[in-house]
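A.B. asks: Dock chain C against chain S, hints included.
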Amino acid sequence: MQESAFLLGQVFNGVSVASLFVLAALGLALSFGLMRVINMAHGEMLMLGGYLAYMTLAVVPGPLGLLVALPVAFLGAALLGAVLEFTIIHRLSARPLDTLLATWGVSLILQQAARNLFGAIGVQVIAPGWLDHTVAISSGVLGGLTLPDTRIFILLVAAIVLGAIALLLNRTRLGLYVRAVNQDRPVAAAMGVNARLVDLLVFSLGTGVAGLAGVILALLGPVTPTVGQSYIVPAFLVVILGGLGSLVGTTIASLIVGLFTALIEIFVDVSLAQVLLLVFVIVFIQFRPQGVITVRTRALEG
Amino acid sequence: MALKHFGLAAALLATTMLGAVRPALADGTVKVGVLQSLSGTMAISEVPLEDAELLAISQLNAKGGVLGKKIVPVVEDGASDPSTFAQKATKLIEEDKVVTVFGGWTSSSRKAMLPVFQRLHSLLWYPVQFEGNECSPNIMYSGAQPNQQALPALTWAEQKGYKKIFLLGSDYVYPRTANLILKKHIAHAGLTLSGEEYVPLGGTDFSSIVAEIEQAKPDIIINTLNGDSNVSFFKQMAAAGMTPDKLPVMSFSIAEPEAQAMGPSLLAGSYTSWNYFQSLPGAANAAFVAAYKVKYGANAVVDDPMVHGYVDVMEWADAVKKAGTFDPKAVRNAAVALGFQDSPLGEVKFAPNQSMVQTGYIGQLQPDGQFKVIWSSPGPIEPVPYDPLTFPGKSCGAHSTF
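As given, the protein sequences belong to chains S and C, one line each in that order.
At position 77 of the first sequence the residue is numbered 76 (numbering that gives the first Met the number 0), and the sequence of numbers has no breaks.
At position 339 of the second sequence the residue is numbered 338 (numbering that gives the first Met the number 0), and the sequence of numbers has no breaks.
In isolation and in its complexed conformation, chain S is listed as follows (with noise of 0.2 Å):
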């Protein structure tokens, strides 16, 4: 393999890591930017999307199985995750500390769930045929380069959801509500904005992106009550670096991590790697505490 293929295919693997952290931090968040919560089971969402695809697939086996679990784990997801905040943390909403413990707890409860309808040891989901090829690139400068077509899928995938959020935002009426509550709370609400069905609107939408990273990542890892615990850290990182609450900083964030890891990866083990990314995460909120951007907002503040 020519080193300019290697290279550029450790780029794409950065860029295809990114994918991954974006879906499964963007929830955390865009409802930390709105509400200041602190959602500790965000893991589970993509747990719970994961064990939906599994069921899915059970139901709709054969080539689209895959196609209709992404919205059947985003729609489970998001209301589990409306639920979650119409029940407990709506009642917590001005107590951040206790918001955090609660959601902790929620987070047990449901990986036990997990673990009691479906066994410790996990679930099988398998990547669907028309999954099953790599683009490869046999001359050339590239030569030797293979780009898996599970991970372009997941690419489209996140690009997809990113730019429909982005929309919803920007072109919505609904979208409008959400930056007027982002940026002053009391006055959107004076002004008529229903501030608490945007509250419950933007968390389950979370939860919900966060249901189809789920069925993603079981194109790439195991499905097991535990699973969202290894994507959680990494998801809070990815938050904190991008600038608490912004949709670009996450963005960037994770293809600041993702690229950062897989052009370390070269010279370095993965052990050795992580350690280099928290020294980088470390030092650069020392430089930028506030993140890549920052956002202008009276729920930050204060």
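Treat the hints with caution; some may be incorrect.
[What the hints assert, rightly or not] Think about it this way: if two alpha-carbon atoms lie no more than 20 Å apart in a straight line, the pair counts; the simulated SDA-like pairs of lysine to any residue are:
#1 C:K245 <-> S:A101
#2 C:K216 <-> S:G142
#3 C:K30 <-> C:D80
[Said to hold, decoys possible] Computed footprint of chain C on chain S; a stretch qualifies when at least three of its residues, placed anywhere within it, have a C-beta under 8 Å from a C-beta of chain C:
#4 63 to 71
#5 120 to 133
#6 168 to 180
#7 283 to 290
Hints are computed from structural coordinates only; laboratory data are not their basis.
For every residue, glycine included, the Cβ atom is placed at its ideal position computed from N, Cα and C.
C.D. replies: Just chain C now, with coordinates in the frame of chain S:
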């Protein structure tokens, strides 16, 4: 003799303190400890192992027990935590007065229990394959030493003509030590090490490693990843077009239950090296598998560590019969002198160094989740706790101390 008076006094004391002194031998029962993780991350693997140990005990009791005494298992939970293992081992020996303990899985749990058994002069039966480099007079090591699992795998790969070997593992003591030994033997045999990579325990992203494997183009990957990381690895390899039939993978931590859980279709065609497969022929194995299924369900699968746990209990009973006593030191001395016995593993015995002499097998995973034995060592392999190439000058022979 003063001992006689002491015995009388002890008997009197026993009646007043109700079982504080050797209640294990007081009536028609004898207590043994069963110490596995029944909770925490290791419970997935250790609960079935505990089931197998309890099955052996109930089979012995059905035949009238040992030396005329019923065996009472005292079950404790190590909770996947080394210091809990040490605590519970102390409790089993000191409070419950068990005559021996069956248990442990991770090397860290064994390392934590080792000083307890040495200090209290008791005997632990450890059933899991491990990295060797340890030689305690108070532990019976029935799981494979590196020269009974890792090295047979390398010998097989060499015979198949695989020359470029890629080592991949989780980042902790077993893969690091196993690969240290493998690297010495790879160099010694004139093979090529085409790469060596570790991922943190539970790691899920293999994109860089897959790219490195693509570039290194090894003939075979020797995989010591643990747990769920295997699922991520095999899925991401398959996505890159490198399925086990195109690039062979030899795994040391995947047995029947793991293959079942991860999905045989994902792993089908990959290889693994153990001293036991459920598919092994032999009447003893057929009887064991049947008995296990009767007790724990028709879909239950068994694997190498479970069978070692089962065989440990049976070897202990035979050693007790040979020694004529439950005294741990006498039982230890009898166990290493038992000679070859038939078992679900085939013909096995304990060597003077207290590790098991057993055959190495290579299995290939079939679509039904069972392994087909495609290679076996020429005969039972003598256990070597200290690999001579890696740890020159260290050896482990018969123990006189206890």
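A.B. asks: Check whether the Cα positions of K245 (chain C) and A101 (chain S) lie no farther apart than 20 Å.
C.D. replies: violated, 48 Å
A.B. asks: CA of K30 (chain C) to CA of D80 (chain C), is that 20 Å or under?
C.D. replies: Given pair K30 (chain C), D80 (chain C) is violated - Cα atoms ~24 Å apart, limit 20 Å.
A.B. asks: Check, residue by residue, whether the segment 63 to 71 of chain S contains three or more positions whose beta-carbon lies closer than 8 Å to a beta-carbon of chain C, and give the verdict.
C.D. replies: violated (count 0)
A.B. asks: Tell me whether the statement that chain C covers the segment 120 to 133 of chain S is true, taking a Cβ distance below 8 Å and needing three residues at minimum.
C.D. replies: holds (count 9)
A.B. asks: Below or equal to 20 Å on CA atoms is what counts here, so check K216 (chain C) against G142 (chain S).
C.D. replies: With Cα atoms ~15 Å apart, K216 (chain C) and G142 (chain S) stay inside 20 Å; holds.
A.B. asks: Counting residues of the segment 283 to 290 of chain S with a beta carbon closer than 8 Å to any beta carbon of chain C, are there 3 or more?
C.D. replies: Coverage by chain C is violated here, the residue count being 0 at a Cβ distance below 8 Å.
A.B. asks: Has the segment 168 to 180 of chain S got at least three residues whose CB is nearer than 8 Å to a CB belonging to chain C?
C.D. replies: Three-residue rule not met by the segment 168 to 180 of chain S, so violated; n is 0.
In summary, the structure is inconsistent with hints 1, 3, 4, 6 and 7 from the numbered list given earlier, while agreeing with the others.
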